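Participant: One-letter residues, chain by chain:
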Amino acid sequence: MNERLKKWIQTGSFDTVFLLIVCVLLTVGIVMMFSASYVSSSYDRKTGYNPYYYFTRQITFAAMGIAAMFIVSRIRLALLKKWAPLILIGCVALLVLVLIAPLKISDKEDFRRWLGIPGVFQFQPSEVAKLGLIIFCARTLSMKARQQNALGQNGDPAIRTCLLITLFFCFLVILERHLSGTILMLGIGAVMLALGGVKKKWITLTIGAAVFGILIFLAFHDKIIEILPIKEYQKTRIVAWLDKDYDPTGDRWQTNQSLYAIGSGGLFGLGLGKSKQKFLYMPEPQNDFVFAIVCEELGFVGAVLILVLFAVLIWRGFDIAMRSKDRFSALTVMGIMSHIGLQVILNVLVVTDTIPNTGIGLPFFSYGGSSLFMLLAEVGIVLSASRASQVRKR
Amino acid sequence: MASLKTSRQKLLQRAKFVRTLICGFGVAACVAALVNVQLVKGSEYREKAAQNQLRDSVVAARRGMIYDANGESLTESSNVQKVYVDGRAFRGYEEAREPVVSALAKIFDLDEKELMEKCSDTDSGYILIKRRVENAKIQELLKFTGTYYERADASGNLHRIYYSDFIGTEPDVKRYYSKPYLASGVLGFTGDDGDGIEGLEAKYDSVLAGVPGRIITAKTGTYAANMPIEYKNVYDPQQGNSIVLTIDEYIQSYLENALQDAYVDTECDSVLAIVMDVNTGAVLGMGSRGAGYYDLSDPYKIADERVAQELETIEDEEEYRQARAAARNRQWRNICITDAYEPGSVFKVFTASALLEEGLVSMDETYTCYGSVQIAGSLYNCHRHSGHGTQDITHALMNSCNPFFITRGLRLGIDGFNKYVEAFGFLERTGIDLPGEANSIYFSIDDMIQANVASAAFGQSFQVTPIQMVTAISCVANGGKLMQPYVVARQLDVDGNVIAETKPVVKRQVISAETSEKMRGMMEAVVREGTGKNAYVSGYRIAGKTGTSEHLGTSKYWASFACFAPANDPQIAMILVIDNPQGAHGGGAVAAPVAAGILENVLQYLNVEPQYTEDELEQMEVVAKDVIGLPVGDAMQKLREDGFTVKVKGDGETVISQLPFGGQSVPKKGAIILYTSEESKSEMLEMPDLTGLSINDATNRALAEGINIRIAGNSLLGSELQAYSQSVEPGEMIPFGTTVTVHFKSNFDVSDADE
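Sequence lines, in order, name chains A and B.
Start counting the first sequence at 133; every next residue gets the next number (my numbering).
Start counting the second sequence at -19; every next residue gets the next number (my numbering).
Chain A on its own, in the form it takes in the complex (with noise of 0.2 Å):
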């Protein structure tokens, strides 16, 4: 083989309890996928009544996901951290693409979010660029570790490298009418910058005035949303959720729906296959709210073994990061395992009602083919890292 080639092969065996968590989510978040939107899609001309459509493409997604993680999991991470300057560029010319020739899906014109060839293919730029901004900021602070001692502790230029391609790329998710997107970016970003070693005054300064802030709209959200520089339907999903009794029909219909298919699981659950909120109640039950028709289906019971399994993923995706002696890799993968992590407390909380509708899809359980292909894809990553540990400890 090319030795040049084969110097980017990472050797050595994954581990294979994560790969197993992995599994066992993937699984049962297309079983309940399909459960939940079987109905629906049987109802909708859109989807030209088929039960299966979700389910078979997400079957198709999660096949092509899965050659990706192999694949992926066969790269050295050093080779992403040679291309991350490239890949930066990368997902700064889809974002911008994005803005500029959108592809516009029915239902939901408004929105600037998709790539792609109408009706062949279609992808999220800001899934790629989430990926891309976990990848910059680990090498850019894994960069620091090695200038450390030049610089001394005042100003740190890897920090501030990274909160302004943070708030770079929030700033053109935004533009894409993308509020969830943007704030996941933002999360990801403070939580890079917090492993990356941002000053601890920072961090206490930063959740302070992120608790005053919300305390500070809670108090006074009236006026404060009239101010605030966000779309009107952004307003409304922020009334909507302050105001439990607001359009019951309209803006809370969602997140009514969800609730009302949460409080019918009960502690047990209606038993798979049997919610009755799926039948054409809750809309799009595919999408960012198919954790309501978990909690129906499986109860009190099953969402919770369901976000301990989250849990202990995430907790074995640290250990991986934690074993690894590369601080890019180690970067990486906590910024990973960040991103599913927040993505799985915003969904639940977003469709607990506990958090304004923002539309953050459930890792392994939303249909969506470019999230699932991309999470399968960081799930590769992980297993890289985990097999270069492997290695190191032969």
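Read the hints as simulated data drawn from the structure, not as lab findings.
Since the structure is predicted, the reported quantities are computational estimates derived from the model, not experimental observations.
Treat each hint with caution, since some may be false.
[As the list claims (entries may be wrong)] Computed list of lysine-lysine pairs in DSSO-like fashion (alpha-carbon distance at most 27 Å, straight line):
id : chain 1 : residue 1 : chain 2 : residue 2
1  : B       : K(-10)    : A       : K331
2  : A       : K406      : B       : K28
3  : B       : K(-10)    : A       : K333
4  : B       : K(-10)    : A       : K332
5  : A       : K139      : A       : K457
6  : B       : K123      : A       : K178
7  : A       : K214      : B       : K(-10)
8  : A       : K178      : A       : K406
9  : A       : K331      : B       : K(-4)
Once you have looked at the hints, place chain B on chain A.
Facilitator: Showing chain B alone in chain A's frame:
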């Protein structure tokens, strides 16, 4: 490397911090949120979800049945469907409306334009298209809703759009009628919402309606479809209670058939009759033609051909609509209880009853009629201008002599007369259990003068309803008890248990049993020999009184006949009123023969023992002996012994067939045809025209031809009678030996008014 190590330791420290934040704090927040939503507020949300998902749909209750007096069901209810369109489904799918509308218009025979307008309401999810749709039509509809069209989405993919997305069905109940015209004026009908609108359906709506059921189904969010899962709570509809009428299907049929014939024959505006059980006030039959007659299964259709044809000639649309509305109102009107008529001479029965009851006239007191009488400055003519001569009260009633009842009636005085008018129930509604009963139109009692009594005494200048009349006649017949008429005998629950029973109500004793008995004899004489002789039915003792009265200021007449039978032990009473008959208009000439036809059938049906006179026994029917197989000579001798006229057809030596057959009843002295060869059996004869002939002439003519006649009508009157109708039309080909019923009536001395 120390700094590197420091940096790594720092990283691990931060990593643990972040991990704790996510796996501990974050997941804990999620679990807390779930505890709140799923466990703490779970039941509240579960309830709301149920409210959301569960749709209450009303299942129409089966309406109770209506049975006739014999328990025959007159109505039938069955489960059908109603069809609606989901207007909201057309939003964004406007192209589907045209095919949907055109298919529905075609299947249900509806106006496409109107339907299109109806279906353009995209805010309504429930646009009712058709109620009471039967299964065959639903199958047709399902064939259509199973089809689809294809349309491309934004990305050019073709999708199937099923027509079932736009059309839905729900359970409904429909009423059926085994005889859709029978007693239509009494039964009434229900509206689109299933509520009774007319007749008994309206009066007994609360009894018949039942309690609608509920089906609680889990419905899908967007379409009205059921969730394809087991989730159904059914509260069965409670079927309405049934009612059993006093009306007897057979009596009603006899009555209505006779009315139909009379309606056609007399070309009257309307004709009605009520048959009542004299002892209970139960109505055994009530019907009419010209009004109160329609198709129960399609009450909006104009049932009267005469009226329908008239309607067709109206060209102006508005005028047509009004005329059609008027015609519908008229055909739904049970004129037996809603329309008053002038009783005319029939009312003399009550004047006579009052006079006898008060002892103001004795049975043998005589009065001489000179053709007119002067009362308080007014001249009252008798219908026979030459006068009836000297007569007692019986003959005055038989002749329907006006001066007798005017002069004697005045003896009662204004108050005395009114006392009986009121006592016989002519000043109040009878209280029959039918909707829309009218009251009489009588003088203002406080302002009445002698002249009013003079005309009222022979039944003029006021109007009563037919139900009042038949109730009062029953009172005269039954020993003087005024009954409250009713048509519903019992109410039954679903299992057939009696839950309510109508007990006959005696309103009051109006006249004594003795007076009643006298009246029975007098009224029987009216039919036997007086103006009512055309109502005579051989074998039955019928009592009656004719009436002829003018519509004030016109040349239209009411011809009426009130009667009861048997005269010695009354069981049924009847009123028959013909409004504006063409040609002859006298009650005795027009109404009495129709009444006779009904009475004969009804009395036979009720198994009233016939009481024949000697003359009638002469004409009694005899059972023919079976002579098939016998030599012709023996057969002829055997039959002649029984008084039959025998005719032989064919030239064989033994009888191979006979008509009438052995065992059949044949009028005494009737004809029996013996066939001796196969070819002779197919011989037919042309029915001769017997109308206009006397009984003797008709009998002789029939025997000569080789047919038998059965005499219907008052056969005691001999040569005075003329045949006026026959059961087989002249010119029809019939086999030899057929028995033809021939109706006879008298045109002599049957008038009670100016002809």
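Participant: Could you tell me which of the numbered hints above are not met by this structure, giving the numbers in increasing order?
Facilitator: Checked against the structure, no hint fails, so every one of them is satisfied.
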